[in-house]
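Let the sequences and hints guide you as you build the complete structure.
Chains as they are written, first to last, in the working numbering: chain X, 540 to 928; chain B, 540 to 928; chain E, 540 to 928; chain G, 540 to 928.
Keep in mind the hints are simulated off the structure, nothing from the lab. Mixed in with the good hints, there may be bad ones.
Which copy is meant is left open, so a pair is good if it fits within one copy or across any two.
[Said to hold, decoys possible] Derived DSS-like pairs (lysine-lysine); straight-line CA-CA distance at most 27 Å:
1) Lys718 - Lys756
2) Lys889 - Lys790
3) Lys718 - Lys926
4) Lys776 - Lys692
5) Lys776 - Lys578
6) Lys578 - Lys541
7) Lys692 - Lys718
8) Lys574 - Lys889
9) Lys682 - Lys889
10) Lys756 - Lys692
11) Lys574 - Lys692
12) Lys574 - Lys634
13) Lys756 - Lys790
14) Lys776 - Lys926
15) Lys541 - Lys718
16) Lys634 - Lys578
17) Lys692 - Lys682
18) Lys776 - Lys756
4 protein chains.
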Amino acid sequence: MKTEIRIGLIGYQFMGKAHSHAYRDIPFFFDTDVKPVLKAICGRNEEAVQQAAEQMGWESYETDWRALIARDDIDVIDIVTPNNTHAEMAIAAAKAGKHVITEKPLAMNVEEAIRMHEAVTENNVIHMVCHNYRYVPAIQYAKRLIAEGRIGKIYHFRANYLQDFIMSPDFPLIWRLNKEVSGSGALGDLGAHSLDLARFLVGEISEVVATTETFIKERPVGAMTGGLSAKVKGEEKGSVTVDDAVAIIAKFENGALGTLEATRFAGGNRNRNQFEINGERGSVRWNIEDMNKLELYLADDEEGMQGFRTIDVTEESHPYVGSYWAAGHMIGYEHTFIHLLYEFLQGIAKNRQPVPNFEDGVQNQAVLAAVEASANDGTWKRVADLKYS
Amino acid sequence: MKTEIRIGLIGYQFMGKAHSHAYRDIPFFFDTDVKPVLKAICGRNEEAVQQAAEQMGWESYETDWRALIARDDIDVIDIVTPNNTHAEMAIAAAKAGKHVITEKPLAMNVEEAIRMHEAVTENNVIHMVCHNYRYVPAIQYAKRLIAEGRIGKIYHFRANYLQDFIMSPDFPLIWRLNKEVSGSGALGDLGAHSLDLARFLVGEISEVVATTETFIKERPVGAMTGGLSAKVKGEEKGSVTVDDAVAIIAKFENGALGTLEATRFAGGNRNRNQFEINGERGSVRWNIEDMNKLELYLADDEEGMQGFRTIDVTEESHPYVGSYWAAGHMIGYEHTFIHLLYEFLQGIAKNRQPVPNFEDGVQNQAVLAAVEASANDGTWKRVADLKYS
Amino acid sequence: MKTEIRIGLIGYQFMGKAHSHAYRDIPFFFDTDVKPVLKAICGRNEEAVQQAAEQMGWESYETDWRALIARDDIDVIDIVTPNNTHAEMAIAAAKAGKHVITEKPLAMNVEEAIRMHEAVTENNVIHMVCHNYRYVPAIQYAKRLIAEGRIGKIYHFRANYLQDFIMSPDFPLIWRLNKEVSGSGALGDLGAHSLDLARFLVGEISEVVATTETFIKERPVGAMTGGLSAKVKGEEKGSVTVDDAVAIIAKFENGALGTLEATRFAGGNRNRNQFEINGERGSVRWNIEDMNKLELYLADDEEGMQGFRTIDVTEESHPYVGSYWAAGHMIGYEHTFIHLLYEFLQGIAKNRQPVPNFEDGVQNQAVLAAVEASANDGTWKRVADLKYS
Amino acid sequence: MKTEIRIGLIGYQFMGKAHSHAYRDIPFFFDTDVKPVLKAICGRNEEAVQQAAEQMGWESYETDWRALIARDDIDVIDIVTPNNTHAEMAIAAAKAGKHVITEKPLAMNVEEAIRMHEAVTENNVIHMVCHNYRYVPAIQYAKRLIAEGRIGKIYHFRANYLQDFIMSPDFPLIWRLNKEVSGSGALGDLGAHSLDLARFLVGEISEVVATTETFIKERPVGAMTGGLSAKVKGEEKGSVTVDDAVAIIAKFENGALGTLEATRFAGGNRNRNQFEINGERGSVRWNIEDMNKLELYLADDEEGMQGFRTIDVTEESHPYVGSYWAAGHMIGYEHTFIHLLYEFLQGIAKNRQPVPNFEDGVQNQAVLAAVEASANDGTWKRVADLKYS
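Quick look at the structure:
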């Protein structure tokens, strides 16, 4: 008999859909003793959340997140609402004894993140932050290769995350462009992914220097709740209060040198998330447009036959993918959530803390804070200083 | 209130999983009035089928396909068993008034295919054959471009479908290598996909010349039911009775020239399905390793700025993908089944025949027969001759 | 002191330029005891050939090729004129005791090729036919790997050579579209390259089946001497008497299966010459757009880490390239001629026969003849039958 | 009659070969009234320079560069010796009334560069610095597109130049690793190329922040004159005094944001020089491994059909390439020198200053100085401050 884990999800748009779908797919694809039950979904707009519940297979819905947390029949609170709501909800959930997972970035700032971490620790619940790209099989495989020493001492991490969806001056002032709701722009939305991968694959970042740009400083008001494809043209304009782009130079504790860039102004790049790692024994390259591939260079290959190998990370021996189709059959974006939430449920079942969790969230937030501080005054910032300030 | 369509699925392995998953995802991702109900799954091994039913969310199971077809609470029979079972099952289902879908190829030969087509026609049921690659969004988009005349008169179709999973001489004599069960080898398994895409995108094939090869003629016996990754090494050997590879030159009714190749002996190609079409106004290229991309060349582009465009077929304006995530977010193999089965259910709901259906199946089977006949005696074969023989 | 080898070149257009440049570069890049002397260049249009001689550095010119061959101060006759002139010139040169090299294809037919081969053999001169793509370093390296057994027994050779320069109906009826001058169309111009690579890398072809197409059957007359970029639009039209495209299935003596296609109607492919070879131990892929790269798959690579390696064939250990720049610095089309003519000169200096020579030319011509015969009547043709008919 | 321009070249190794070859090829490939005469080559080792003169076709040689400059029969001094020699030689040449070209970087520091610029200006000679990558046809074409406004206002320039030839700790302490001879490491050798392309394509850089790393701080002594492939293993070790890698964030005067990285520790990247530019109307991408290609994205392309086009920059309408073969025929590294030196000779003949010249050299040197200064103290540096300090 499988252990049921009862989920309560706050938020029902893009990420709500991604998480809902993943919970449904976990027991379908993976042999596990755990069975997630889609107990209740929560949103303020009753009509919309009711429809979402029906379409996505949730047993019930709530319009007040506090009511959701108060329910006895919920084991897990999953938070996919805008960034400025994470702390309050997560702390309340932890205090209610619920396991907690939030979308990334964990919080609006380090102070919030630390309080959240304290709450989950004190209440002894399982916690996780949804840096889903860690759970691309090719990236998990890269991690395995690095852990096995195949890459050797790492010299370089270079990453960029390029989008272009807000390039039109007519694109409206959505919540992601409002600092009070989102915390930051390309930095927290895109750069946070690259920074998390940096920490996952290379190690802790010790210091950074960075700069940010806002290329279009005013935009039409009127579609603050709009999704990624919102397009309105209004008379009234409001100020964009977040960064359109950020460039970062990072030094890692282990001596590696990092360069990172995130932007929403890279025309033609709909969602290009890519990195390369160079070590003394080898290199790996990945980009999300070929998300099932890992490019691997091994310095020990025979002379004359050296070169990046393009590995289809779809074999039975590769992480996670043995549960799907067959070698050479592609999986997509949604599978990253399946794998991450699978680990979350396994963590709950086995009472062990998965990664990335709120501790990672604190550390990521400290890096984001260091980036912002550096962008403000142009000097190098030590991550440790931002964390314990 | 949504119309429920109650599914009975025969077969529960690789393709059973693909179809089951698709039925679950259709109402999740698509706004439709139709709701598939996973009523019963059928397999001979009770323990296995029971477990499959549970894992994949079927309400019940059967161990006798005739019992499944006899059930009153089933509207649709979906057949994903080996090729030599399709005809009997599909005909029985049609006679019982069930809508029918089978995995490809439709049948073992033209005669079976014609009988199947007659059965569904006479019983007035909706029918479909699961050439899922037609439902890759990039291929649907290619079809749209061709239909709009963007490519112009077509001169060339060149395709190959390359795998390598049976290259080891120790790979066992699984059912796919036994002509009596599978009908043919690389031809029916892989080539059938390319031939169906050829018909879908270019038009009817009028004649072919072809050759087949069986590189490894004897293999270890003992794992006849094994899946794609079966690996046994036994003393006893049996004869491989199907083709390992097939090469085809095809002429289309509209004057286009086709070259097609399918093989299971292309080392390093786990599952490379690719084609290119050249027309008087443009060209398109696709390969499954980048299944969300379509390469498009337009001869009318400005001089000096001509070149293949790599289109991320993940925009809202592209077929199907608007129901998923956002531009630049990849989808995978399983979505091809979601789209095809969505069209099947819509066909049932609106009483209109989707494609590819049993009529396509007959035509495909005639092409396969022409290829086999040509491989046998080395001469050109007219498809029409094989169809009405 | 270096041995001078005095060259006489017949033809001064595209290929004349390629050969002239190569002779100049050989002593510059390669340490060799041989020094080619650009003695005389020959063409019928005195003004044009004089200008060519001056621009390309030839000491003198002739307007009558027989006069060139009669000169005492010439050791080598290099023939780059249209295909229907090769036999007469080469035989005359051989009889005059000159070493001979011709552009490909060697001749108009097998009979001519055999007579040419007899002439060079009887007169004991060094001979070569300019299948320059053999001398791409990446292809030489592929040959080395195959010879070392790294690929193992070969199962598949698939190649195509795609161009698009004559797709406009307004493109004129140049000599390449006139069978009496060119012998054939895409077959002899492009397919001949692929067939030569097939023989070089895989082995002798035993039989073929093929078809040809002429998509545009009439074209404007008026620019018969025009180059590749000729564009005229006239009232008068003439018949295209060669193939626009050819598709071939080939069986090799060693059991490998070949598929080849050549066309001038593949829009967007300016000059795409590509092939893939699959063997029991590995595969290689090459295409001319990345001519310095070789993709190599090795089945013996560790499980999970298998994949095509992209090798920059620009290292000192790779064929020829050690004479140029440094690893990662690209070379281009013209270097194929440098390498081939270097081997020609070395052959003369050391009195050894280089490859590909007239014997290869005879064999290639027999394959071309088999392809044409098959295209005529649609049946398989044995190459041996065409050779000794 | 063509005007002869008599060249004197100082240096005969890698770059000496590249320049010598280019001078030979200019009149071969281009219709020009100017004819370079390879008058004299200069090097300290008489035997080596004599051999180089013979192999590369120079009429004479010198062992003292002052003697070369003193010769009446020389019009141009071309300097390809290590960086610490450029200033003295170039100034002497200018004073002697010779036109001057130097390899990049122009000088060891801004002060030297300014003195050099003053010398050429005062003596009214034509001057150039050999940033050869500007003269890749694809990059010239990118420049044309930008100039025509096809890309619009530029938001981003991201570039990296990755090599791996010194990654082995056994690689010796060659001159390029000695600051006194080379000025800097990856910065001046590789980064200087990217920075020059940035200035060429985007505009002037206003300020930078940067960091440098030296991963291997001691290396075997003993092969100080060794080339790129030197490999010795000695007992004695010396200090590496230059950077192995550099990371830069740059702000352009026009508001664009730049990220640049150069390293010799990117395993598997033999010579990967790449950049991407994103503007409001389009984007371009280039990398040297596909140096004949330009990827172009146009935001105005029809919805649904947007994507990066891969343009073969080998058409007659593209810069320079009409003088070579035909569309789709690749050219290589050496052609960059042909084009640049062609412009140099045309500049001399027509008495107009080509680019990049010593003025660019001064500006580049100021950027390099700003990068070094920033790497030293970690703060942003204004380029203007470094230039006029």
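Now the hints, each set against the structure:
In the homo-oligomer, the alpha carbons of Lys718 and Lys756 lie at most 27 Å apart inside one protomer (13 Å), although the nearest pairing across protomers, at 44 Å, exceeds that limit. Taking the shortest Cα distances, Lys889 and Lys790 never come within 27 Å of each other, neither inside one copy (36 Å) nor across copies (51 Å). In this homomeric assembly, Lys718 and Lys926 come within 27 Å of each other (Cα to Cα) only inside a single copy, at 21 Å, whereas the closest approach across copies is 38 Å. Proximity of Lys776 to Lys692 under the C-alpha cut-off of 27 Å is restricted to the inter-copy arrangement: shortest distance 22 Å between copies versus 50 Å within a copy.
For the identical chains of this complex, Lys776 and Lys578 are neighbours neither inside a copy (41 Å) nor across copies (54 Å), given an alpha-carbon limit of 27 Å. Taking CA atoms no more than 27 Å apart as the test, Lys578 paired with Lys541 passes in both settings, with 16 Å inside one copy and 22 Å between copies. Taking the shortest alpha-carbon separations for Lys692 and Lys718, only the inter-copy value of 26 Å comes in at or below 27 Å, while the best intra-copy value is 38 Å. In this assembly of identical chains, the alpha carbons of Lys574 and Lys889 lie at most 27 Å apart only when taken from the same copy (13 Å versus 36 Å across copies).
Taking the shortest Cα distances, Lys682 and Lys889 sit within 27 Å of each other inside one copy (23 Å), while across copies they are farther apart (50 Å). With identical chains, the CA atoms of Lys756 and Lys692 are at most 27 Å apart between copies only, with a shortest distance of 15 Å across copies and 42 Å within one. In the homo-oligomer, the alpha carbons of Lys574 and Lys692 never lie at most 27 Å apart, since the shortest distance is 41 Å inside one protomer and 50 Å across protomers. Only within a single protomer do Lys574 and Lys634 lie at most 27 Å apart by alpha-carbon distance; the minimum there is 24 Å, versus 40 Å between protomers.
Proximity of Lys756 to Lys790 under the C-alpha cut-off of 27 Å is restricted to the inter-copy arrangement: shortest distance 18 Å between copies versus 31 Å within a copy. In this assembly of identical chains, Lys776 and Lys926 lie within 27 Å of each other by CA distance neither inside one copy nor across copies; the values are 36 Å within and 41 Å between. Taking identical chains as interchangeable, the C-alpha atoms of Lys541 and Lys718 are never at most 27 Å apart, the minima being 44 Å within one chain and 42 Å between chains. Proximity of Lys634 and Lys578 under a CA criterion of 27 Å is satisfied intra-copy only: 20 Å inside one chain copy versus 42 Å between copies.
In this homomeric assembly, Lys692 and Lys682 come within 27 Å of each other (Cα to Cα) only inside a single copy, at 13 Å, whereas the closest approach across copies is 36 Å. For the identical chains of this complex, Lys776 and Lys756 are intra-copy neighbours only, at 10 Å inside a copy versus 55 Å across copies, given an alpha-carbon limit of 27 Å.
Figure legend: structure checked against the earlier numbered hints; hints not met, in rising order: 2, 5, 11, 14, 15.
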